Amino acid sequence: MSQDVEPAALIAPTLTPQIRKVMSAGLEPKTFAQLKNALKAIGLSTAGKNKVADDVIRAALQEEIVAGNAFEHEGKKYSNQAPPPSLMEQILKQIGATEKKAALDLTAQLTGAPKPSAITKALKDLVAAGKLFVHGSGKKTTYTKFKPPELPWYESEPYQKSFDALLKAAKKVVDTGKPWEEIQTAVRQSLDATAENTPHVIVEPVVPTPAIVSPPVVPSPPHIDLRHTIREAYDYLCKFVEFQDKLVEIRRLFYETEKRIPGLTVNDFHTELQLLEKAWLIELHEINEVREAKDRHLAIERDGRMFYYLRWK
Amino acid sequence: MDTPVKTADWTTEELEVLRLFKERAPKPNSDRNLSPFDDRVARVANASKSIDCDLHEMHQDVRQRILTMIENVREGKKKSQVLLLAGAPGVGKTHLVNCFHPPEMQAEHGYIFVGGSNAWRIEEFQSQLLDWVVQAVTAPSPSDNKHQLLLRIQAIGFRAAEQLLEQPNHWKAVLARSGGLVSRFGPLARVRNWFRRPSRELLLEMVNKRNEKVFAYFDEAAFSTIICDRFLAETSNQLHRYVMRVLLTYLYPDRNENIVVSRERVLHWLAGHVKDDYFHRRFGVTLELDKKYTQFQAVKLLTHLFSKEVSEALASGGVPTKPRLLFLTFDQVEGRDELFESDDDWMNFFADLGELYGSLSNVVILFTMTLQMRNRLHSLMERQFRERIVMDEKFVLSFPTKAELLGVYHNRVADWIKSDPDTSSKYQAVSNSYLPFTADWITDHAGNQSIRSSMDMLDKAFLKTLGDIVVGPHLDLRYAVNEIAMEQLDADEWNYTVNHLDTVGQLFDVSGDILCNSFNFRIQARTNHELDGIPYLTFRIVRPNESASIMVHLARIGWALKKPLDKLVDKLLKGKNRDRNFLMVVRPTEFNYDAGRYSELFLTGLCPPDVESTFRGLIRIASNLETYSSDPTCYEEYHSLVRQKIEESYLIEFLRFVDERMEAKLSSSAEIEIVEPAQAEMEGV
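Protein chains in written order, with the numbering used here: chain A, 1 to 313; chain B, 1001 to 1685.
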């Protein structure tokens, strides 16, 4: 073994200026071979007696990476520019902690024009890794960083439709004005008769429980979804200059929420707002110049006052 | 409104505190009950009244932001700024503005609060603004020896004198000469003056001791010229020089006048109230602040005198003179008191204000507006105050938090009873400091709304709850009557007493025994009737152990007089037994009616609103009878109170009338006389 050959670690720092010079010559990342050729072009000996071994170049390159002056890109390429964030990183960055975003909304913001299949794959990987959660289904699928609210059994498949039908029927029965005990007995008797000829599995979802036939037959409305949607609409409106002080017109909020929940009724909207107000989550501010109010039916009128603005606390 | 806490849930100590609260509520010499929440927030906080009972933490972040902005502008770190404080009605805008009013706060943070009422038109803006500024810089009173303007003019005078005396000989040219003496006595006077003229050391000593008499040694005109040259921003502006000259008369009071009169003359001139030629005689030139332009220039000059530039020029000998900023506030009261009616007026106003704002460095302008108004005017304002309107969500005021609301509650109650040590100590001793409510009840029912709405709600609930506390017949009645009167504050005497006979009926139901106790009769039956819309009560009266009875009718008529009365007489007296049928008619206001041959059977009375309120009050406190009965003294007091109130009303005449007629009926042995209608007509009835 020749004692003239210096250890790679000792030579490496002396190569640093040359590597920096080569890297600054072009923005595109270079493979090791390209880098070596470039070094050769500026006078580095890669053959003969004074040749610099690959190990030495690699060691110098590694030093630069550790120092933060060089970066390793995909495909074992190197440059002095940091690699662009990966698709998954970009997606995660775009979705705020409380935001819901559809895949289509995300696509526009992604750099490098990734293919739809790549985006779908990245989203799937993120969901699988537990970094994102899927809300809704089909065209209404959105992705969030928070878990979707757990819906009660009567609002989720396969019971939702049956329960809605039961609810409608129950309302009609309630309107007859018969005492609860009488209704309860009648329902039980009818169900017992049906159960004799029906497989137990099918009957099970509609077996009357005291919770169904007792006075609060109408379960509490599904606030969680509407509430989140209102908040989503509110956050969206707050991006406009006219609502930069976070005080939003209730009528505008209704329109924005309605876009997200087609068929939303004013009554449901108002009920939810009043629940939010009672829970101290929002403030309802009144309008003094009532004559100037637009879409008055969308404002909340109470105690002779018109509440026209909303602010989320 | 549901009752927050049931009476039975209160401890003895709490009940005692609530009784003391109730005793405190009826306002002396007034027919109103006052709760700690009667004063809405805005009215509590003004320059003349303490705001200690309100919570300083409320809107603290906004207050701090405004103070920081004031400091930055005053110190020249920022240009003049415009603030838009917006919020729903009652959210605390005016209260917040008034928080900047106390003189101590102005002194501490180096600003002068300028603002006043909205009762002026756009044409009057300049004169109004000048009035406000003069009023602000001469606060607390123009006759005060230490108001800001006087101190500032004196500081300018002393500084100018110091600068003069710094140069060995320059000051001599500015010394006052006794021109009159010289012309009269010639060289002798010159010699006398020579010996009497002050030395530089003497003048310096006087200046250092801030002795105002030093100015008398300087010639007024020459000294004024020096001051104008050194301290005015626009030294060539003749109007500014004139105004400054007038202000410097503070240093040169008229020898023939009292010093206060001289100073007031300056202020009167600034206010444009002086039309004589005093300053013309004194300065040889006339100028009146009677035009928009001149008034505006005067405002600019006054503002400039407190600027950082002038303050730095005044700082000498390690005695800094703090700059002051003019904090102009335009507090828009909601509704019809809005400052201007049209947007054009607003535009002109912003243009005028923009001129002042653009030319001065030490001004912060604050507008309070409702949300809708802010949205409407913001674009107009932006045109005038380009990029200088501070936009921040903090400037849209929020509702108080739970802690703030409870804090205000506690402070208000403590402030309300602070003049009564006994009540205060008992209140401090009970564990629930939110009596008669609980903390949860307060936040649930009065929370998450504007502070004014909260106060309004708490005011009503507080008074209503105290109404249910039994203290004693007299106080309970007074309290109840006040409450009843407040409930129908807007009703006139006719509307207020429209159901008076129902009230009388209820009164007989609850206190009939006491009413008839002094008389020897009993009401056997009482029925309600109506004759063409005129209500009347019919009482069948009997005497104990006697079978004979009489019918006494009590009717209440409204505005129309003759026709209803004729109808009542026709229906109830005409053709009836004269010793058995009687009628009393009451009305809220006095009236005369000649019932002709039925006058003996007919009586009139007055049922004004206070009688109606008293009757209703008696009905209300009758529900406390069970409690009163537990204490014989209290029970007797209740009885005597009812009798007393009845004796103060027409009802005593009614009862006496009934008694007399009953007596007459029983004692009379005459045959029953029936008046036939035909006969009555013949007799001209």
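Derived by calculation from the structure, the hints in this document are not laboratory data.
Nothing here was measured: the structure is a model prediction, and the numbers come from that model.
Be a bit skeptical, because a hint or two may be false.
[What the hints assert, rightly or not] Take a look, some chain B residues computed to stay more than 10 Å from chain A by CB distance: (1) Ala1088; (2) Met1373; (3) Met1391; (4) Ser1398; (5) Glu1493; (6) Asp1502; (7) Met1551; (8) Arg1580; (9) Ser1623; (10) Asn1624.
[Said to hold, decoys possible] Here are the simulated lysine-lysine pairs, DSSO-like style, with alpha carbons at most 30 Å apart: (11) A/Lys239 / B/Lys1576; (12) A/Lys278 / B/Lys1394; (13) B/Lys1576 / B/Lys1562; (14) A/Lys246 / B/Lys1078; (15) A/Lys278 / B/Lys1460; (16) B/Lys1394 / A/Lys294; (17) B/Lys1027 / B/Lys1426; (18) B/Lys1079 / A/Lys246; (19) B/Lys1402 / A/Lys313; (20) A/Lys93 / A/Lys121; (21) A/Lys101 / A/Lys246; (22) A/Lys121 / A/Lys168; (23) B/Lys1322 / B/Lys1209; (24) B/Lys1402 / A/Lys246; (25) A/Lys278 / B/Lys1464; (26) A/Lys239 / A/Lys294; (27) A/Lys77 / A/Lys115; (28) B/Lys1460 / A/Lys239; (29) A/Lys239 / B/Lys1402; (30) A/Lys101 / A/Lys77; (31) B/Lys1322 / B/Lys1077; (32) B/Lys1645 / B/Lys1460; (33) B/Lys1460 / A/Lys313; (34) B/Lys1077 / B/Lys1213; (35) A/Lys294 / A/Lys278; (36) A/Lys278 / B/Lys1402; (37) B/Lys1308 / B/Lys1322; (38) A/Lys259 / A/Lys161; (39) A/Lys93 / A/Lys76; (40) B/Lys1077 / A/Lys246.
Where a beta carbon is used, it is the ideal one built from N, C-alpha and C, also for glycine.
To see whether the hints hold, each was checked on the structure:
no.: 1; hint: Ala1088; result: violated, 4 Å
no.: 2; hint: Met1373; result: violated, 7 Å
no.: 3; hint: Met1391; result: violated, 7 Å
no.: 4; hint: Ser1398; result: violated, 6 Å
no.: 5; hint: Glu1493; result: holds, 26 Å
no.: 6; hint: Asp1502; result: holds, 27 Å
no.: 7; hint: Met1551; result: holds, 47 Å
no.: 8; hint: Arg1580; result: holds, 53 Å
no.: 9; hint: Ser1623; result: holds, 28 Å
no.: 10; hint: Asn1624; result: holds, 31 Å
no.: 11; hint: A/Lys239 / B/Lys1576; result: violated, 85 Å
no.: 12; hint: A/Lys278 / B/Lys1394; result: holds, 23 Å
no.: 13; hint: B/Lys1576 / B/Lys1562; result: holds, 21 Å
no.: 14; hint: A/Lys246 / B/Lys1078; result: holds, 26 Å
no.: 15; hint: A/Lys278 / B/Lys1460; result: holds, 21 Å
no.: 16; hint: B/Lys1394 / A/Lys294; result: holds, 25 Å
no.: 17; hint: B/Lys1027 / B/Lys1426; result: holds, 21 Å
no.: 18; hint: B/Lys1079 / A/Lys246; result: holds, 27 Å
no.: 19; hint: B/Lys1402 / A/Lys313; result: holds, 13 Å
no.: 20; hint: A/Lys93 / A/Lys121; result: holds, 17 Å
no.: 21; hint: A/Lys101 / A/Lys246; result: holds, 21 Å
no.: 22; hint: A/Lys121 / A/Lys168; result: violated, 42 Å
no.: 23; hint: B/Lys1322 / B/Lys1209; result: holds, 19 Å
no.: 24; hint: B/Lys1402 / A/Lys246; result: holds, 21 Å
no.: 25; hint: A/Lys278 / B/Lys1464; result: holds, 24 Å
no.: 26; hint: A/Lys239 / A/Lys294; result: holds, 21 Å
no.: 27; hint: A/Lys77 / A/Lys115; result: holds, 22 Å
no.: 28; hint: B/Lys1460 / A/Lys239; result: violated, 41 Å
no.: 29; hint: A/Lys239 / B/Lys1402; result: holds, 29 Å
no.: 30; hint: A/Lys101 / A/Lys77; result: violated, 34 Å
no.: 31; hint: B/Lys1322 / B/Lys1077; result: holds, 15 Å
no.: 32; hint: B/Lys1645 / B/Lys1460; result: holds, 27 Å
no.: 33; hint: B/Lys1460 / A/Lys313; result: holds, 28 Å
no.: 34; hint: B/Lys1077 / B/Lys1213; result: violated, 38 Å
no.: 35; hint: A/Lys294 / A/Lys278; result: holds, 25 Å
no.: 36; hint: A/Lys278 / B/Lys1402; result: holds, 12 Å
no.: 37; hint: B/Lys1308 / B/Lys1322; result: holds, 8 Å
no.: 38; hint: A/Lys259 / A/Lys161; result: holds, 24 Å
no.: 39; hint: A/Lys93 / A/Lys76; result: holds, 25 Å
no.: 40; hint: B/Lys1077 / A/Lys246; result: holds, 29 Å
In summary, the structure is inconsistent with hints 1, 2, 3, 4, 11, 22, 28, 30, 34 from the numbered list given earlier, while agreeing with the others.
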